[in-house]
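Residue numbers (numbering that gives the first Met the number 0), protein chains in the order written: chain A, 0 to 367; chain B, 0 to 550; chain C, 0 to 318.
Rather than coming from a laboratory, the hints here were simulated on the basis of the structure.
We put the CB at the ideal spot given by N, CA and C, even for glycine.
Treat the hints loosely; a few may be bogus.
[Said to hold, decoys possible] Chain C stretches covered by chain B per the calculated footprint, using a threshold of three residues with CB under 8 Å from any CB of chain B:
1. 180 to 186
2. 291 to 303
[Said to hold, decoys possible] With a straight-line Cα cutoff of 35 Å, these simulated DSBU-like cross-link-like pairs (lysine-lysine) come out:
3. LYS228(C) to LYS327(A)
4. LYS243(B) to LYS79(B)
5. LYS154(C) to LYS89(C)
6. LYS243(B) to LYS228(C)
7. LYS140(C) to LYS54(A)
[Claimed, not checked] In silico contact screen, one side only, chain B against chain A (beta carbon under 10 Å); selected entries:
8. HIS65
9. GLY195
10. PRO207
11. SER211
12. LEU212
13. LEU215
14. LEU216
15. ILE217
16. PRO218
17. GLY219
18. VAL220
19. GLY252
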Amino acid sequence: MSDNKHTAGSPEPREDGGTGRVVGTPSPAKGESLLAKDGEGAKPPAGPATELDEKSAKNAERVVAAFFVLAFAASVGFIAYYIGWSGRNGGMHGVVRARESNLWLGGTLALAMLAMAFGVTIWVRRLMTSKPIIQERHEMASPADTRAAFEADFLEGAEDSGITKRPLLRRTLLLAAAPLGLAPLVLLRDLGPLPEKRLRSTFWGEAVKKAKAEGKQGVRLVVDGTNAPLKVSDFNSPGGMITVLPEGIEEAPEAANEIAKAVTILINVPAEQFKPVKGRENWHVNGVVAYSKICTHVGCPAALYEQTTHHILCPCHQSTFDATDGAKVVFGPAHRPLPQLPLGVEDGYLIATDDFPEPIGPSFWERG
Amino acid sequence: MSDASAPKAVSGPLNFLDERLGSTNFFQRNVKKVFPDHWSFMLGEIALYSFIILLLTGTFLTLWFHPSMEEVVYNGSYTKLKGVQMSDAYSSALHISFDVRGGLLMRQIHHWAAVLFMASILAHMLRVFFTGAYRKPRELNWLIGINMFILGMLEGLFGYSLPDDLLSGTGLRITQGVTESIPLVGTYIYMFLFGGEFPTGDNGDLIPRLYSLHILLIPGVILGLVTAHMMIMWHQKHTAMPSKNQSNEQVYGYPFYPVFMAKTGAYFLFTFGVVALLGAFAQINPIWLFGPYDPGAISSGSQPDWYMGVLEGALRLMPGQGTEWVIAGHTISMNVLIPALVPLGIVFGGAMAWPFIEQWITGDKRRHDINDRPRNAPVRTSIGIAAVTFYGLLWLAGANDVLADKFHVSLFGTTWFFRFAIFIGPVIAYIITKRICLGLQRKDAAIAGHGVEAGIIVMAPDGGFSEKHEPAREEELIKILSKENARPEAPATDANGIPAPSQKGPMGHLRSRLQRAMTFDDIPVEEHGEEHGHDDDHAVGSGSGPKQLGH
Amino acid sequence: MIRPTSNDDKTRTGISVKRITAWRRRPWAGYAVVLAALAAIAGLYAGFSPKTDRAEAAGTADAQADLANGRQLFNQNCASCHGLNAEGTKDAKGKPIAPSLLGVGAASVDFQVSTGRMPAMNPGAQMPRKKPIPLFDTELKTDYKEPEKREAAEKQKAAAEKNIRDLSGYIAQLGGGPSIPTSDQVDPTKGDVALGGKLFRTNCAQCHNFTGQGGALTGGKYAPPLAPKDVTPTQMYEAMLTGPQAMPVFNDTTLTPQDKQAIIAYLVQSRDEPNPGGNGLGRIGPVSEGLAGWLIGVGLMVLAAMWITAKKPKKLKKS
């Protein structure tokens, strides 16, 4: 460790003239530094620090001080606003006061931080007299003899412990550790139920079954949001669309989970353009057709219906289905059509006569 | 030591610690630690300081946030949602926004800091990549950094899912769909993650789980990695840009105390100031406008935060036709699996493997403390730009509906454009970048060889005009000459015709082919010295001799 | 600077290269580059962002309010496409040019004409909202200082309102259909906002976005933004009722007038609500937030980094 590790009077980087400088050759102190391996800290430059032009330094000091005072004022403003104004009439209530509060608190906070940042930056740049210094970089690798010594120690330890020459000990230790490592995995079993058949049916099936037990043909469709049952005559405008749920789903246990699977869109496709899928000729009511709203891609609600093209588009990834043609995929990342819900009429009301014929939503391994 | 002794207020605690920990030794070693200056070296600091801000504001938010999916009827001060059924989580997030003073500000600062955190990690990673700062001995820090970015993605996803608004629920719905598509175990993972079925599970466990991951587990891991990252950086010393006084043996710059400390302190204040500025004047994640989560509802323009945009774009571009297979009664959804795994796999897997691939190809196992100029590693730079293009195009594709809407172009047209562009774009980017790099190398070679054009026209005795060249400034020259010219490959066979070990076998062949590809295009940048004649009489020695310097 | 000796100075020419080089070395050059890049991005966006077509329709404002009912207006403005009897027209291949107006109802006419969509400049899948031709311009500015100017504008506005009334009345009488809602039906203050929000998010937001900022549809079509103030509650009601262009129909038996009023209340209150968090960034969600984070957040931080690490100003030192 000597002074030649760093150079007295190193130039400012910008100034390539004048003062003495160091040619980038390895410092003669290199060999020495191996001994003082941790001698990373260079001593302060021996020479006098950069001298400032006192007049401009005084100026700079005033500028910095002004910024610090501004920061002080801003943080005082922050506290003053909080105590004095934000709490009036019992604190914040609603959008307008939240806006006011956000602007004042945020504005003063930002001003305080930035003014201090400006002050410190100017301080560093114009008042600090430290000069750039040079420090050695060290080889990361330890010297060969250290490595060799460690290896020897390590092997000796292994030898001493007996683990190398007592296989029974070693193997039973491994045997003991293995199941212990698995224990946490076992512990996590109750994170959730097994999938079983949960993904294969929706509340429609359950509700239809219940309705049939009561001697009815199916479950009524109710408008999502108002829960009003829909008559055929209610939904008679060609080009109409609405989101529907099975009647009674709001009262179901875990209603949110059931809604997330059962949500369905009802579309009134002009009867002359409707092409029923083979085997599903009576699943629609004069072109009124119902498809699962859950996209078969990754499950966003496929809800964007264009009356002119009869396309149903999922706003998340733009899978596009043709409502006139069994919700067949016409574009985008989905592979399968949206499942169709068999519809019927009972007492003038639109009903579902059965569950979706296939699992709704994204594909999964067991789906088949 | 300086002759003035420290005041008691300083020496007291120092002595206290030193007598118990011997800490003065550590302080003395590090008080003047040198930090090289370059603006791009600060990018990583943005991430560090954003993380600190995230911890501070996040702690504030936990004081009021209820991680609960219990159904409640909102009765707070946001009138438009009065009487609406919603989860307790959403209701408490509204409470923080409209009834806790400063709550909205903290929420916004938290979210802006998260956006800035991820953005600055990416920017920092790009700087490290393009300057080759990941090379030996810094590969470990490179790997830690990439893992922090990946953890940050998860942390962000879980974080913006917590308020249980419509947008976050949509994100979770997509998470569910992607999870389900995993072969064999997909539905099990889905059930175990959500504690039952989407969205609330059997007991409303999802949000509490995301909460503990978001506020404890992941930030804890990130904190650990940040610490490791900083300690390794501190120990290995920072890389430096090629310039005077910088070499593999030494580092040149301002001392930690007081200069760097003040600079980095100022930068923390800048970071906090900028996110506070954004938090005060730019609204982010207005959950009250999104509404509570409702499985039947969706909005156009449902996008994730920017760092998940790549996944979103990949999901949008993948064609669905013919990409879902049913094999022996089991469904495999390639239309979900490929976009979910492949693009990010290529980008992150590639980034993690790159330092080792490069070492293997070039056989360069030396230590590098001086950064490369991007032009001097044309293949690396071009691969990097190609990856940026790939990532960027997927990112834009994740916003294709917004693009289609704002620029009134066909939605499917944008999809088709991106479907081709993600394959063609990176190739074009690679070719163009490499040409630019080589062009810049040629320019450097000219400057090193013949000097810079002085703008001085000299008339020769025979009446001809020529422009005078003067040698480049020393600083410039050091920078230019930092280029390491491609080394010729080791001969494939030694004198006895026995193949070199590295050339053997198919891997050896591949390696030498790749090495040729990597070093084939290279413009040697060399100093020609005086004898090659700059045609001026006042040649300033560009060698190591003292220079004639003037003002 | 390393310089050649001074005797070369007088022959110095061609300073431009040198000047650029010198500029690049100025301390502020880096900041300038960052700022210029940011400005360029903003400029690019402004340049590429399509302007709303402000079709300057060359209609004459002298249509007399002589109750020559809508027929004359229809013949003048609509019949060329929709046919003299409003039966619609088809091109040579049998592809419809303009739909039949029989049965569309007064609500549809009022919506199409008052939003300026009809008379259309050129038929297409998307009829953009534009300033109505003066004949039907009910949004006319009337707040002039000069009384005579104001009076003229008010008169013209009244005439336009009457024109639309006459025209829709004429069409309604041809084939019936939904009628224009009363001002009481569309009064946003009377709707149930909470219900409206739920219905809007379930049935409308998929195209029009959470806050009615609009969104993309297929084939270059788009769902128009509902947030601008010139979208009146009546027009919202009529749009739901009649399903213009690609929009589905929500008739009064599916979404009752009360439901529609709730949706209108939600939309109007949403757009009138200030953004508590500062600038709303277009209220379109994370895309604009990410952009702001990168451009403003990272941009400002890079500027700060450049300042902090810039070479110290030379003049400060004693020399």
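Hints, one by one, checked against the model:
1. 180 to 186: violated (count 0)
2. 291 to 303: holds (count 10)
3. LYS228(C) to LYS327(A): 39 Å, violated
4. LYS243(B) to LYS79(B): 64 Å, violated
5. LYS154(C) to LYS89(C): Roughly 38 Å between the alpha carbons, so the hint for LYS154(C) and LYS89(C) is violated.
6. LYS243(B) to LYS228(C): 62 Å, violated
7. LYS140(C) to LYS54(A): 62 Å, violated
8. HIS65: 17 Å, violated
9. GLY195: 6 Å, holds
10. PRO207: Nearest chain A Cβ about 12 Å off; hint violated.
11. SER211: This interface hint is violated because 13 Å lies over the 10 Å limit.
12. LEU212: 13 Å, violated
13. LEU215: Status violated, d = 17 Å.
14. LEU216: 14 Å, violated
15. ILE217: 17 Å, violated
16. PRO218: Interface hint status for PRO218(B): violated (21 Å vs cutoff 10 Å).
17. GLY219: Cβ of GLY219(B) sits 17 Å from chain A, so the hint is violated.
18. VAL220: This hint is violated: VAL220(B) lies away from chain A, its Cβ roughly 17 Å from the closest one there, beyond 10 Å.
19. GLY252: Nearest chain A Cβ about 6 Å off; hint holds.
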